[in-house]
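Two chains, two separate frames, one set of hints: put the complex together.
Read top to bottom, the protein sequences are chains A and B.
So for the first sequence, our numbering puts the first residue at 4; every next one is plus one.
So for the second sequence, our numbering puts the first residue at 13; every next one is plus one.
Please keep in mind that the hints were generated in silico from the structure rather than gathered at the bench.
Part of the chain B face toward chain A, derived, beta carbon under 8 Å:
1. Glu25
2. Glu26
3. Arg174
4. Trp175
5. Ala208
6. Gln298
7. Ser320
8. Val324
9. Ile330
10. Arg336
11. Ala340
12. Thr368
Model, not experiment: these values are computed from the prediction.
Using N, Cα and C, we set each Cβ at its ideal position, and we do this for glycine too.
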Amino acid sequence: MNFQEIYFRLQNFWSRHDCVIQQPYDIEVGAGTMNPATALRVLGPEPWRVAYVEPSRRPSDGRYGQNPNRLQHYYQYQVIIKPAPANIQELYIESLASLGIDPNDHDIRFVEDDWENPSTGAWGLGWEVWLDGMEITQFTYFQQLGGLDMESVPAEITYGLERIAMYVQKVDSVYSLNWAGNVSYGDVHLQGEIEHSHYNFEIADTDMLFQLFAMYEAEAGRILDKGFVLPAYDYVLKSSHTFNLLDARNAISVTERTGYISRVRALACRCAAAYRKQREDMNFPLKGKFAEDTGNYFDADRR
Amino acid sequence: MAIKNVLLEIGTEEIPSRFIPDALSSLKANAEQSLNASRLEFRDVKAYATPRRLVLMISGVSDAQSELVEMLKGPPLKTSYDNNGEPTRAAIGFAKGKNVDVKDLKEIEVNGVKYIAAEIRQESRTALEVLPELLKGLITGLTFPKSMYWDNSGVRFARPVRWIAALADDKVIPFEFGGVQSGRTTSGHRFMGRKAIEIPNASEYLDLLYDNNVILDQEKRLQKMKSSIANLQKDFDGNYEVEMDAKILEENLYLVEYPVPFIGSFDKKYLEIPEEVLTTSMKKNQKYLAVRNKDKKGRLANYFVGVSNNRVSNMNVIREGNERVLRARLEDAAFFWEEDRKIPLASYVDRLKAVTYQEKLGSVYDKVMLTRELALWLCSQYGFDDIASLVDRAAYLSKADLVTSMVFEFPDLQGVMGREYAKSSGENPRVSLALHEQYLPQTATDRTPTDDVGAILGIAERIHIITACHKVGLEPTGSQDPYALRRAARCINEILFARKYSFNVAEAVKKSCGINGVDDETYSRIADFMRQRLLVQLKERGVSHELASLGISAAGNVPYQALRLIDTLESVKGEEWFGALAGSAVRVRNILQKNAGEIQDVEPDESLMTAEAEKALYAEVKRLEVPVREAVSVYDWSNLAKMLAELSPVIAKFFDDVMVMDKDEKVRANRLALLSECNALMKEAGDLSVLA
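Okay, chain B solo, but in the shape it has when bound (with noise of 0.2 Å):
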């Protein structure tokens, strides 16, 4: 008879809400793979939590490990008897080590090759045996982003474990963690539930806690979070509509055992604030769900949705206590969005000197000047020069919002604040919303600028921090990157790959350098960090490493030709010149490897020519040089790939053809001439020969 559901319970104090989803998935996983190394069979693992219990239910557990017959492969078989027939002493000592009598040994065959063997049978122990180590094992091995220490037990946990249900149907799996011997009795829910529960039967579990106001089941509970608030909107009158933001729904899932939703509001003068602020006070800090008007715009509405652990008889109670939390908040911020706007935002720049950016970096004035310089070098340079004024203008005031009390209060609204304030100052609204893109996009997954003026901007600033910090000695080792230079460079090319900016990045680097007095040495450090930035990024996106570095040999200082080069040469890859092509670079690059000493840099010879694959070749190369590079000039990646179409059954007739290594030193000199103008003809495409 198997065991119908094995049931572990965790009880805990409040875990943090964002370590559950992970410790969700390794407890499950773990268990299937702890069960499957003992030999339990099982029909299905489920794993559940609320804040304060982390659930197994395993189904249909074999009452006993499976069988295991092990053939443990001994000395070869000719080495383990002699001729008589009588084990050698290697067999008769592989046969102790084992713990098998020497008659017993059985003869295997691996590759071939006969060996003796034990065989090992290994004893099935029965399920209740196995459990309690099991069970335990799998509480030691869930890790958290924090573990701590509660009591002198000596183990550690996210929270301290305060009890252990452990049962195989009706039995007692019976061990002990941290101090807590596992038992039958689990605990509701902390305000609406018995503290103490007899489990007489693992199945009655889930029942015990519903009854207990325990919704145990993740899914089940999000479904009666959801349902709940689908009710609560029918206040609503079809006007308003709650933003079901999975994050702060998750958030909020892990808060509760048992979900209960109410509507709150607010003054509608605090709808004048700008919303992101206000979401900011009620997502972050209370874990809000916010509401907005049902009509396009979907603007903010006065109310929001939390979610309470406790039914309570008058929820009134609660919604109040509430309100009167966020209208704080919202005063507060309502206060710095007069204050802050008492001056216009340019009249915060000065402000800026008395802010440390960097000790050694001096103050965030400094920086924003120095920051306004490159912008505008990048505007002048890359033909923007019709924005070049409101690019100059966005920088001047890009961090001015720092030093308003909104940001000093809301870290996170900073950029927000800069367009806000922009706007009612009165600035142009491409400098407005300038101010707040240049800090796009925020992580890997986020939006770029959608305007010029913003993605200049935030280039600028970024190669100017790259550059800065170098200049001190802060750039990223092994894992350290304090200054997050490593996403400034990251953001920088996504930029231009979204913006399809052609950049010189090495150039800008080098202007930096300029501005900020940085030595040449360390202008070639930065413009290494960059290209190894840029090649870590595109094998992310998937380019193959071979690929991704000869598009950086070729054009890596213009990280998004770089991009296109490779999207071309990935497009041609599979053809069959392509492949002949990069086979004869193979060759090439070998043929004047080896005889790199007899290389002259002359023209060849034409008269030296006496084979006509010879004289193709050198025909072909002369009449492609000029436009080849013309076409590397100017980008025009599909022309390149056309010409080197062309070239490609030439050289390969060549080698069909010619010997290179001829006896004649002049003859042989000069192919080796011929093959070093065809090698740079074309590596302007990049080292091909990688990619045979």
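Isolated chain A (complex conformation) (with noise of 0.2 Å):
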């Protein structure tokens, strides 16, 4: 199975279990919960399903295409169900197979791995899934995000698409994954990895990064002031992100780490607050538009 194959069919599964199917966001995020179909709609108590393919950054994590796991741009399958059906973990399970993953083959399991992303000020409890000793997934319930409490618990799951790639066409390098007919993930994107690597690591101008920390923080806090919340919560994507790419250059130190990171959280809060008011504000629209879940374990879905 080729690697666009992987997310056509998640994408098929989840469509089939009522997800609206998105598209990755258009601006730089460290995780598909940072897109606002998560990171915003899990808030309040209206319904959400969503799955999306998130190509997420993370500047430090570069290798110069040297390491065969770890890379500073990499895929992750987000799916939100919120509120999470009684069945989730039979759910997420059958997506596998659908990936030709047998449960009954392999050894599947669900260990404590909690989540918290101290810069959105959320948090959830959860686990990492193993498949054969392998991390795929994490698995988490969401219990604040923007330092609000969930008032509809909803279930994230995450995909690490190039392990479970990786996994199924049994290679040791991500690099070597087929990614479609004779072309290779490295054919893809280790031309990327390398320039981006030698960027995050050494050429990002951090005056300019500084700069634009400040400017995106101050126009996230204006516009808010302005009562727009989406295009506000972009600006905090993009300080989160510029922030992400000073950390890699080494230019932040350990004790002003902490002094950024809690002004990117101030003003996620403040636009979770925002948007929490605006669905109220808008009588919560949708309200009514999945299926309800019978809430019996039971009664769900048998396999």
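This is the structure in structure tokens:
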């Protein structure tokens, strides 16, 4: 199964389970969680089901294309199901089966791994999912985001697409993955990994980045003051990515780090509160737009 | 007819393995307590757990609550009835309040006084009436290190609760928790069992689960895991042995409902990497058991044992998957091991300049240099000149491994990597060893350094950290101790005790304050902090508060000697002379305190002494003054005890025969002066009066 087939199948699977299939966000994010389709939609009491691929940027994780497992740009497959149905774990396992990973032939395990993201004031409890010892998915029940308690608890399923593909294709280097036809993952991304590693670690203009950070931060605040949430959130994402670049350049000391993170978090929290209020003012328009579950574990579709 | 079995099964999504042992014991204890409090008799309570279920099995439960007749005490009898024997308002009010007829009031006697009483017969409910609330209470009463919400029901648990089976023999015990209604349905193994299984009777539950590949009883599951591993081991033809690490076994025990151990292997070339690196990857990340050669050295073999939760037709798939994961991790480690050793360890030291230790305290490099100075001072001060150059080198290299790739990737390996990289850089073996031993002990029960070099380095670094953190206001407050200074103080003492070092901690702190440019006020706070920690630590070793404070007042700056003094006093505490001496110390203290105004700091005048006992005491004090102080200065505590034993009867006789508060002002002042001197002498062993 080639790389793109994996996300096609996930897309089809979650589409069949009433998810809105969105596309990646058009601003750099560190993870699919940052995409407003997750970060904002999980707030408040409205139901929401979404799935999308998210190219994720972690500037510090670059290895100049030399490490077979580590990338500064990689792909997540992100699923949010809110509220989480009683059979959400079974659904997830079924989704693996749709990738040809028959749970009866493997050892699939849910191993404690809680998640938090200080720069969005978010945390949740859950697991890393092991497939024969390999972590292939992060599975989290959100408890808080933007400093707000979840009013309706979503399950977040984040598949590591490269990991899964490497397992399915039995290769030891991400760059050897077959993407489609005769094209490998390396053909698509190796040069990018090399160049961006140089940029992230050596070339990025830190003075400019510091300026940008301040400008993005100010702009986000200004937009929020005028009562617009979504454009303001874009600038939160930009400031967050700018911070990650500065961090990769080692331009921020350990102590300053906390300060920068709390500045991003303050904006994220403001956005969260403003979004929650906006939805309430709109009478939570998504209410009733998704089929409701019975809530009974044994009634939910049996295997 | 009693209920044979009450079953409660809390069906959950995977509960973190580390939560389960505690949850099991509190579930059992809470159940017993609730049953007793509810007056339900029972024969036995058993608690079981797998990752997906917490289970209680209560056998032999009585059908109904045992009877309870309570006598509730009312007003005294004499105020309850008037002279005509009619109930007073007090009695009527009491009866009304307790909802009994005045005619039915009883009498009871408490401490010889008669009272009226109301006899209340508690209604006896059936077990089936009591159990729903009781079982629900057991679920809500469980607490976990972390718990979560998963729906709008408002309840919290370690992970979502998906089903509840609750039966009294064949009857459902109905209740609701977190939107889940209890019933008689359970669920088998996630992959090797049926999803929904009806339980006709609680007694069939364990068998039903077993048929669905859940070995519920953790003891049996552990046995199964161990015997399967023993079977696997046969493949090793007696050459290798699986290391049955109890912690890893327990972790795996609560990660599976049905254990299927399997052997995996990795390329022998990775065995060149230090063992701790390999075992960290195996144990911490993957929860594998290590396999060792059966020879004397017990070196690591290129195998591991993993525990699958699924028995599949082709176990090779699971084995190969796990091998691939481990290979990726070991490949990383091998890469770091090669890269890091391309330059000698000493070459990393300069890079520490770029690593901030703490914002106000500068870089790790600065810290290393200051530690080094203190370590050298300790050597010169306490007779370790012969190893000063080794300590100096070890101090210089002490944090170099922090900036290697391996430690960046596996922070737990700090120290271990220092040792290994030092070895391969050709450093002196004692220096290499010290780079690891500087961190010992790591836990309260951990071993202490085996060599002076690491011990001295470890003490120096910890004193430095304690001083530096106090300097910039990072000392512990309440439950906050972000730089683990309390633990650092504890480690210093543990090392001093174990290595029998008579280091004067106050002096060392003073030196460290000088090195760090710390003012006197801060110095006093640090010295107090160190004494306070020593007190806590001695008490944790089982020393009484009094004895610990006494040891500290006499020799607290030299913790090892404080400990020895305490041991010495502990050994003579029961003797008669010691009790007498402590009693005398109290009298001395009281008299001196009471007459503080009259005491003059003068040598007692022998010509004013009239009583024999008085002269004898003076002579004894004079005789012992020099040898006692000498014994104290060389920490000869048994000799000190011997001299105190000699002094004891002389003071006792003095108090028997002599009236200190003589009418003659001069005589009185002279006797007070004598007692002051005597007091000063006894104080060399601390304030003995606290032991009276």
